Amino acid sequence: MNPWAVLDIDPCDDPRAIKRAYAKKLKQTRPDEKPQEFQQLHAAYKRALSIVESRPAAVPQPIESPQPVDSPQPVDSPQPVKSLLPVEELQPVESAQPEMAVELDGAVSASMAGGGSGPEESSNSERQPPAVSEDHHRRLEEERRCAEEEAEQQQRIDEYHRVLSRVDQLLESDRINREEFWRFLAETPYMLEEEFNWNLGLGVFEHLARLKLERQGRENRRHPQIANSILTYCDLLFDWSGNRGHLYRQFDEKLADAIFQSIQEETPGPDPARGLRGGRKLVRQKSQAPEENLDFYYFGHLLARAFAVLLDIFLIYVTLGLVSSAVMMKALGKTETDASLIAFSIAVLGYLLLAWIAECSPWQATPGKYLLGYKVTNRQFKRIGYLHGLWRLVSFILTLPLFKVGWLINCFLGGNLIHDRLSRSYVINFRKSREEQLRKQND
Amino acid sequence: MAVIGIDLGTTNSACGVLAEGEVTLIPNRLGEVLTPSVVGLDDSGKLVVGRTAKERLINHSDSTVAAFKRLMGTDHKVKLGRQLFSATELSALVLRSLKEDAEAYLGEEVTEAVISVPAYFNDNQRHATKLAGELAGLKVERLINEPTAAAIAYGLHEKREGNFLILDMGGGTFDVSILEFFDGVMEVHASAGDNFLGGEDFVEAMIDSVLREFELDRNTLTPRQLQNLYMQMETAKRRISQQSGQCLELELGSRKAEWQVTAEWFEKVSTPLMLRTKRPIERAMRDADLPPQKLDEVVLVGGSTRLALFRSMVGRMFGRLPSCHLDPDTVVAMGAAIQAGLKSRNAALDDIVLTDVCPYTLGTGIINQDSPEQGEYFLPIIERNTVVPISVVRRVWTAHENQTEVRVDVFQGENRLVKKNVYLGEMSVPVPKGPKGEEAVDIRYSYDMNGLLEVDVTVVSSGKTFNKLIEFTPGALSEEEKASSLEKLARLKFHPREDEQNRALIARGERLYESSLGEQRDYIAQLLGNFDRILEGQNPAEIKKARASLQEILDRFDGEDWI
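Residue numbers (the UniProt record's numbering), protein chains in the order written: chain A, 1 to 443; chain B, 1 to 563.
If you're looking for bench data, these hints aren't it; they were derived computationally from the structure. Be aware that one or more of the hints could be misleading.
[Stated by the list, open to error] Calculated pairs, DSSO-like style, for lysine-lysine (alpha carbon to alpha carbon, straight line, at most 30 angstroms):
#, chain 1, residue 1, chain 2, residue 2
1, A, Lys25, A, Lys46
2, A, Lys25, B, Lys159
3, B, Lys468, A, Lys432
4, B, Lys294, B, Lys278
5, B, Lys436, B, Lys464
6, B, Lys278, A, Lys254
7, B, Lys139, B, Lys493
8, B, Lys436, A, Lys440
9, A, Lys432, A, Lys382
10, A, Lys24, B, Lys294
[Unchecked claim] Computed far set for chain A versus chain B, every beta-carbon distance over 12 angstroms:
#, residue
11, Ala273
12, Val283
13, Leu354
14, Leu400
15, Phe412
16, Gln437
17, Leu438
[Unchecked claim] One side of the interface only, derived from the structure: several residues of chain B facing chain A at Cβ under 7 angstroms:
#, residue
18, Asp62
19, His76
20, Val185
21, Met313
22, Pro389
23, Met449
Keep in mind that this is a model prediction, so the values were computed, not measured. Ideal Cβ placement from N, Cα and C applies to all residues, glycine included.
Produce the complete structure using the sequences and hints provided.
Take a look at the structure:
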């Protein structure tokens with residue numbers, strides 16, 4: 001695709017011209033009216049812009065900044081939001097060298113002025129220009145300001161160590177996994193400052209990761225393993241998962257793995273009910289799994305259904321019946337015939353109860369029917385309600401006295417039996433219906 | 001016939017209309033442009049919406065509900081009195097109230113609307129919003145993203161070109177959008193957000209902190225106490241920038257306590273939330289591939305951006321003061337109204353085109369043959385922040401021998417495992433039997449301007465196309481359910497419009513009566529009794545006079561309105 005042709009202009013180096021041409025074209029190709037043409041136009045526009053941007057210095061767009069295109073970083077390192085620099089410096093700060101503090105200050109003020117959050121921004125590049133411009137006066141002023149801020153910086157460094165030592169204490173205590181004891185992290189005053197947050201995040205990350213590795217497989221009551229919820233909480237504060245790549249580069253892979261695997265396991269998911277005001281009660285009505293609608297259905301076969309019923313009764317007899325007959329023989333001293341008769345009637349009654357509940361449940365079938373791929377539905381092929389199911393049960397019992405006659409009639413009803421008709425429900429062979437439909441669609 | 005633009009917010013809603021190139025915000029029955037998104041039933045079973053309902057939130061919390069926008073697209077229902085309502089139905093009631101206000105104001109029937117939704121609302125939530133419109137008798141012409149709406153309002157108002165970062169923090173959601181304006185084009189470069197981060201969360205955090213301090217559990221408070229605490233904290237939050245060190249008298253269970261609201265305390269409490277606001281901002285900047293220096297303006301939208309703490313944090317992040325020349329509470333409604341005008345091809349807007357992006361990645365689940373134990377992997381089909389409308393096809397192959405069916409699951413999210421993403425629906429497609437990897441299907445995702453998704457699946461060998469997606473949208477309704485829901489809502493009636501001012505005033509009086517003690521309480525009771533008597537007299541002039549004086553006296557009791 002030639003972007004210039006789509007935009008209807010000659011190849012040029014001026015982004016303004018491209019934008020103008022795009023805007024002109026766009027008004028005839030509104031996205032809601034001509035979606036496909038619009039996509040094409042938009043792709044051409046983006047392409048043209050990227051051609052212009054990738055063209056080296058010959059392009060007349062210099063005034064912006066000395067290094068304009070250090071931003072579109074390749075996709076493999078999207079993370080580094082913050083500069084690495086301060087970290088390396090915070091570690092040796094114990095030996096508080098003044099120059100170091102000055103360096104650090106520079107970074108802070110640069111990010112204050114330049115907007116320290118941009119992902120692609122590195123404070124390195126920010127800091128160079130003032131150094132190059134050898135303005136003596138400005139440097140003096142700079143130094144004076146730095147000295148003023150040095151004290152403030154020292155406060156942050158102190159706070160950093162204070163918080164970390166508290167973290168260590170907590171890790172050794174038995175309150176390690178109680179979230180409320182970790183809240184102090186959020187309450188340190190400089191938490192919202194980019195640099196401080198990032199550095200503290202690294203410190204805490206390392207401490208937690210070391211502890212986690214150390215206690216792996218060796219946890220006990222006094223020294224429990226750190227819980228995932230705590231790690232997730234810290235992740236919320238320090239955004240480790242947003243800087244994953246960076247942390248992997250910073251730390252030993254084993255250390256980083258220890259944390260990230262645990263964070264991954266936890267999916268906190270916000271509670272939507274939080275923040276709701278008023279209302280008598282909040283009820284969760286789990287919406288039913290979507291029901292599949294087929295174009296046509298097959299009725300279940302009479303013999304298969306009889307088999308399913310026998311299977312169900314047999315199942316109940318084996319589980320409930322035998323146990324109860326054993327109990328009756330042992331505890332109540334009934335004779336074997338009596339006991340097995342009772343056991344059988346329990347099985348039959350159990351079947352009736354089971355049929356009612358199971359056929360109205362989301363399975364829509366007793367175990368026997370389920371095995372055969374049968375489902376009980378109403379006449380709209382939807383699941384029946386429990387009241388409807390009860391009526392189905394009653395109609396089944398009502399037709400029982402018909403006995404052999406009923407059986408004979410049922411043979412001619414094509415799977416839609418007397419009690420089905422009476423209770424206005426269907427027993428369908430869902431599996432077959434589905435397979436047939438798929439087959440038909442395939443042909 | 002006019003198409004109106006509606007901002008359906010977590011805390012407040014508003015609507016507007018574009019006429020002769022000018023946006024007008026439509027006043028409600030109380031003459032105000034903001035209608036609190038609160039719905040309740042009163043003792044006679046009639047419907048109460050807006051300010052009157054908000055006043056009733058404290059002493060009638062059983063039959064009144066607020067902030068239900070958070071439940072949109074979930075299967076939670078709220079019980080009011082004896083009836084259950086879904087968030088969609090409650091939203092529909094707010095929309096109906098707005099619709100009636102608009103009809104009264106415009107003097108014609110209103111049947112179509114553009115409704116704004118948070119940019120980061122997912123498919124389920126968007127469907128729910130659209131459905132709410134339908135239940136209110138409004139054909140939803142378009143769902144517009146809130147920050148985009150705000151940007152439109154700004155763009156037309158300021159007529160400036162360049163790159164804009166819009167930060168929209170309302171009562172319940174936080175959205176970030178990066179836009180560019182040039183030559184009448186408004187192009188959204190990237191959107192990100194957090195659906196559960198807003199003003200209400202700050203209040204929740206404050207309440208949590210107070211209860212923790214007194215070692216109390218939420219359940220030990222009566223509903224009235226809890227609502228009262230909420231109101232006190234809400235008011236304190238609004239005042240925090242002007243006035244630190246306010247002293248509140250709290251009633252917690254059986255004890256009374258004093259609480260000093262200081263700026264330091266508020267900062268401590270809100271730090272975790274502030275940190276959360278940074279994530280979407282960083283992500284949007286990354287996705288838009290724009291260095292911060294190239295931003296021409298940072299615009300704040302939504303009531304919660306009034307927090308000084310938020311402003312200073314944004315100021316620090318970008319090294320400049322963010323701007324908010326337009327009222328952050330109504331700017332979204334203005335933008336929605338403009339979009340409504342755009343939709344109906346208002347001549348004044350002929351040379352403006354808006355392009356938006358989809359904020360989420362949409363994809364399907366695939367099986368990785370090398371590591372099947374991990375479950376299905378997410379195969380992105382439409383990448384996040386792609387310009388919409390868009391239609392993308394990806395081909396997948398069968399994974400098993402003699403497979404007869406391919407199930408296409410539809411997911412939305414950014415995780416590489418599907419189980420961590422939002423499940424939207426599925427479709428089963430028959431394929432001819434064959435060795436694995438032989439048969440293929442083409443999955444086409446089409447994402448429209450409303451942020452709604454359509455899926456087509458074509459079997460490559462037979463050329464057959466299927467598009468019957470079984471949607472799994474919590475809160476979605478079948479035709480019958482929709483009919484019964486409509487019937488349920490139709491049974492609920494508003495009081496006559498013209499009495500609304502009186503009722504709002506009485507509701508406020510009753511709230512003050514509940515919260516005051518001793519002499520003051522008797523005095524309010526007396527005032528309300530007098531007012532009732534005058535209302536019974538049905539003399540309009542007298543009622544008006546009495547209303548004004550009662551209003552004045554009540555204003556003295558709680559100077560700043562908490563609404």
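Going down the list of hints, with the structure as the test:
no.	hint	in the structure
1	A:Lys25 - A:Lys46	holds (14 angstroms)
2	A:Lys25 - B:Lys159	holds (21 angstroms)
3	B:Lys468 - A:Lys432	holds (20 angstroms)
4	B:Lys294 - B:Lys278	holds (19 angstroms)
5	B:Lys436 - B:Lys464	holds (19 angstroms)
6	B:Lys278 - A:Lys254	holds (28 angstroms)
7	B:Lys139 - B:Lys493	holds (21 angstroms)
8	B:Lys436 - A:Lys440	holds (22 angstroms)
9	A:Lys432 - A:Lys382	holds (17 angstroms)
10	A:Lys24 - B:Lys294	holds (24 angstroms)
11	Ala273	violated (6 angstroms)
12	Val283	violated (5 angstroms)
13	Leu354	holds (29 angstroms)
14	Leu400	holds (34 angstroms)
15	Phe412	holds (34 angstroms)
16	Gln437	violated (8 angstroms)
17	Leu438	violated (4 angstroms)
18	Asp62	holds (4 angstroms)
19	His76	holds (5 angstroms)
20	Val185	holds (5 angstroms)
21	Met313	holds (6 angstroms)
22	Pro389	holds (4 angstroms)
23	Met449	holds (5 angstroms)
In this structure, the earlier hints numbered 11, 12, 16, 17 are contradicted, and the remaining ones agree with it.
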